[in-house]
Structures are given as C-alpha cells and as structure tokens.
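Q: This is what each chain is made of:
2 protein chains.
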Amino acid sequence: MERLTATYHLSSKPEDIEARAVALATEQSLEMPLSALREDWGVGDLLGRVEAIEPLGADLFRVRITLAIATTAFEAGQLLNMLFGNCALQEDVELIDVELPPALLSAFQGPRFGIAGLRELAGAQGRPLTCTALKPQGLSPDQLAELAHTFALAGLDFVKDDHGLGNQRFAPFAQRVRAVNQAVEKANRTSGYRTCYVPNLQGGPKEVLKQARIAREEGIRAVMVEPMILGLPFFHELVEELGVPVLAHPAFAGQRIAPALLFGKLFRLFGADAVIYPNYGGRFSYSRQTCLDLANNARKAWGHLRPALPVPAGGMSLERVGEMKEAYGPDTMLLIGGALLSAGERLLERSREFVERVASPG
Amino acid sequence: MERLTATYHLSSKPEDIEARAVALATEQSLEMPLSALREDWGVGDLLGRVEAIEPLGADLFRVRITLAIATTAFEAGQLLNMLFGNCALQEDVELIDVELPPALLSAFQGPRFGIAGLRELAGAQGRPLTCTALKPQGLSPDQLAELAHTFALAGLDFVKDDHGLGNQRFAPFAQRVRAVNQAVEKANRTSGYRTCYVPNLQGGPKEVLKQARIAREEGIRAVMVEPMILGLPFFHELVEELGVPVLAHPAFAGQRIAPALLFGKLFRLFGADAVIYPNYGGRFSYSRQTCLDLANNARKAWGHLRPALPVPAGGMSLERVGEMKEAYGPDTMLLIGGALLSAGERLLERSREFVERVASPG
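Chains as they are written, first to last, in the working numbering: chain A, 894 to 1255; chain B, 894 to 1255.
Read the hints as simulated data drawn from the structure, not as lab findings.
Take every hint as true, because none was put in to throw you off.
When chains are identical, the list treats them as one kind, so a pair holds in a single copy or across two.
Derived SDA-like pairs (lysine to any residue); straight-line CA-CA distance at most 20 Å:
1. 1103 to 967
2. 1099 to 967
3. 1099 to 1136
4. 1218 to 1174
5. 1099 to 1001
Build the full structure now, drawing on both the sequences and the hints.
A: Below is the structure:
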C-alpha cells in the first residue's frame, strides 16, 4: 500500500519525543487507542508510521510520518484532514513538508496555466512580471477604473483588485469588473500594452461561481481568490471551472503550516497559477530563507505539475526592485501596491518607473 | 455608518503599541499608507479605528478596533477577510473577540435547529445528549454498521462518523451511509431508542452537495462537517441547503483565533447547530476556562441566533462524565469515542454504562 510522507516539527522533551511522535502518527490516522485495535479489522497498514525523528534544538524535533494514501480519498479536503486535521489544534505541532507518491500526485492537476500561461497573457519573456493592486476599499467603480486606467497606461502587466474588494455596495462586483476592465482595455488600445485586470472573487461557492460567470462574460483573462477563506477543496474545484489563470492570495492563513509548504506546494497542487505571499523585509515577518524556499517550491520540477509563479508582496517599494530581481530571478511577479498609490498626482510616472526598473537589465 | 468591534491581542513593546495598533487597524481596512489617502476619495469612514488599548502583561496588549460594516459585504468570506485576512499572517496578532451590530448580525441566520432541534431529534430533555464516533478508518461499511448497531442498541443519542471518514474506497460514502443508517434504524426498532446516525460530509462543494443529497435520500437526520476544511463561506451556504442539523468538527483550525470566538461564536454565526471541540484534560491543550468560555458563547443569548450545543470531546472517558456534567450542565453533548471502543467484546455494556451515567441525576 503506497504511502505519503508528512514532516512535522514537534516540541517535546527529549524523553517524551518517541511516544509523542507515535501519538501524532495515530492522531493523524486511525485516531484511537492502539490497545483498542482489533486484529480482525485488518486496518494495520492504515496506521501512521513514524519513520524518523531528528533533534533540531532544545526540545524541538523533526518527525517524519508516513500515511497510507488510501486514507486521503485522493481528494483535497480529506488530504488536508490527514495532514493537519486534528493536530492543527495541538500547539506543539507544525506541518513542515509533504511528499506525495505519483499515485496520489496524479489525482491533482495543479496549475492549468502556470508561469508559461501567465507570460503568454502578458506577452513578456525573460523578465519578472509586474502587478499592482486597486485600493482602497470604498472607492466607486469609476474611481477604481480611473486608477486602473493610469496603471494600464504605464504598462503594468497585471492590475488586480485588492483582496479587500469583495462584493460591497460601494463597488458591487459586476459594476466594478465592467468599469475597471473597460478602462484597462481602453488604455491598452491607446498604449499598445496588454495589461490584464484581475478581479477578486469572494464568497460562498454560489456567489463565487456567479462572479466567475460575470468575469467570463466581461472577457476577464485572470482572477484572484483567497483559497484559505474559500476553503481549499472549493478552490481546487473552482480552478477546474475557471478557464483562466488564478492568482492565490494568502489571506486567512496562519495555521502552523510552513509557508513554503502551504503557499509553495499545496496552493500549487490545488491549482494556483501564481501565489502571492508576504515578502521578507515588508510589513510581515517571513524570513528571506522562507521566501526563497517558497519560491523554489512553487517553481521546481514536481511530477506533472506546471510551475507556479511566486509573487512576493506586502509593503514592497520601487527601491527594492533591483534586489528582488536578484533574489528571485526572472520567473517571478513583483507586486507593488501602496507605494505606487503614494505617488498621488505622479501615479502614472511612478508606475512607469516601476515598469522600467523591472524591464531594465540587471 | 455602523461599525463592528474586533478585539485582538497584540504583542508589542509598550513604546510601539500605539503605532502598531494603528497599523493593524489600517491593514484590516484600507490597507495602504495613510499618507497616500486622498481627501476626495471620501473613504475616511472605512478606515479601521483603534478604540482602546489595554496592557495585559509584559509586551502584550488587548486592542479594540472598529471597522465599518459596509466593508464586510454582509457575507461570510469578506467578513473573515476584514477580521483576520492579512493579519492572519502576522504572528504578533491574535483575534480574540468580535461584536457585531444588529444590522450585520441580521445578515446571518445562525443555527437552523440549535439545541432545541437536537433535543427534539433525540427525544431527550433535561440531560446532556450522548454521542460516539465510528472509527477507525479502514473499516468496511459492514464493519462500521456492526459497530453502529451496537452503539444504537445501547441507546446513544448520536453515532457520528469519525472526521477521518471521507469518501475512501474502503468505505465509500454512499455504501457507508446506507449500511450504517440501516443498522441504526434496525437497532432502533428493537430497542425503542431514537439513535441518530450522523455521517461526515467531506470534499469540494460539488462532492459535498452530492453527499448531502445521498444522505437526504437515505433519511439521514443530521450531518457533520469540518467547516475549516470546507471553508467557512461554503459552510455557511451549505447549512442553508441541508435541511437537517449540522455538527461542526474543529479539524484544520489552529489559526491564531481564540477558540471561544472561532468555535463558540463564528461557527454558530455561520450555522453550526453543535460545535465539537477539544475538551480540557484530554489529548489537546485547551484550558478549562477556554472551554467554558466557548460553551458560554455557543449557548448565550445573541440577537436572533439560536443557541448551539457545545460538544466537548477529544480523549474523554466514562470516568469523567460526572465532572463534565457538573462543568457544562445539561445543555451539552458528551462525545466519547476511543474509550468506548477500548471495551472490545464489552462494547455494548460500556456504551450502556455511558448512557446510564449521563442519564443518572447529579
């Protein structure tokens, strides 16, 4: 019976770690006292197995556990349940990494477009893609459209809704998408650029699928969602129906799952074409190494899965473009939001400067 | 413009707390540099406001922030986004409590059945309800049905699937639900009890809605889901379609949201009739006070919302029934899983003892 491998960090006294690791392997599989298991049930292979325990420091261990892939039902929700269901509630556990054998990996299609698809949309090769965010909340569709028009004139590849734009009354989804997209297309006709507006889908499945239909009717070529708010099984199902690339925003994450795994691997597994995450040195606290590991996971060879585009963001500035290009290389998307808006009357110039800095060699 | 209040715990040096609180209020609302806000945008009322900062101990503060309810779009996904979207990624922030004004609360129906509905199903008043879990993973539908038959003969009110039972090949949903439900109904005809089988729905919306239809066709009278895996906006939408009470299982939670808020308030707000959570003194680490606060939130008067039933669980034993009755009072459901299965050949007797201990006065 084939097995997946899940790697956890476990906080424990050294004298307790073996028992704690077995308890975790049990919790994440048969979830009952081992003394109560009956031989004639024939479920022994389904019990999680502790494969390795490695000390990492004072009272911290890396523990590798294997689980029978049959328990995942080859489906996103139950896979998450097996990896981090009950133990999500145990504060001494952090999920660090996951290795899936081909028989399980083949159940997931991953990104439908990936890096190549996003590059094709943008018509850009050999350089990072550029993106900004429409905000703040509270602007009307026309106000957002005006901002988007300026960004598009400057030649940004992607202009996305801020994740805080839902279906609020001040800018209802249908009106917003129409107004912004028309403004961007108008700018494209003037400028010759191919700026792509990326609306944010938000809500329960009925509402999100309705928004996806509206987006399709408006000719939208990429969308954004927050997979942790929507739920990863719904996200996985949605990607199949969208027919356009999807940018995944990290809002509402924060469980004890390593960001490199959650955003770099799991979001990609479930179909994200691009993964937005808080870059080091911004308003959030991820380390440089965490961010580089995340980007590496998103892009590296992984079975049949297309590579996903890393999108470091969260308080980035024009001054950091050179450094980010150096850190991430060309297969990345640089997302600068507030720092462009801060230009006020000089928004077009500042946005052009962003585009030029990204396009310039070195 | 009406506002909701969100209370956070913020880790900060005292000299930085005021700026940190303002940054949090900004992150969770307009999400841009305040210096970049234009007067003519007219969005000032949508900016989060710091209402109070209270020291809680060394470098820890309770911070109350108000947000304009218009930003929530009166919808589950966007409400979560406002409360704990980006700041979920900031490790110095914990979401502690939420107060919703009537204009926002009225957008959510909460439990459709609540405590009264679950009592009516069980035909039981004035005592805690009883529940156990079918496990382990790997049993066939017939093996699960045999266990369920025994539990039902003993007179348990609810026999639920373990949360680890998805749509796996060893016990596909349709076959499992049919076999187990028929076994329970057969036992009910023998015993005169009204045991209710509660299958677990798992997967993306299409799959879950299909499972809900199957359950309905089999005459299932209550279901279980894991809202954090399904996604809370989908959970909220699903409850509207189910037509039967729903038990909410806590798997895959573990963000920095106080359990009393997440399980006691938010799960209830989005429609959970009963909320399962790890009781103190079991395999999990919640404190007694956390558990009592959670139960209180689930049951207390809250606008038009029906009370939800607290279901303390996670390594509970027969020996603790008296203590739990005293701690939680009658409006609770006691869930004992593995400790019953440990009885082996004496499963029926042990299950009867559970039922009797709960029913006995005092």
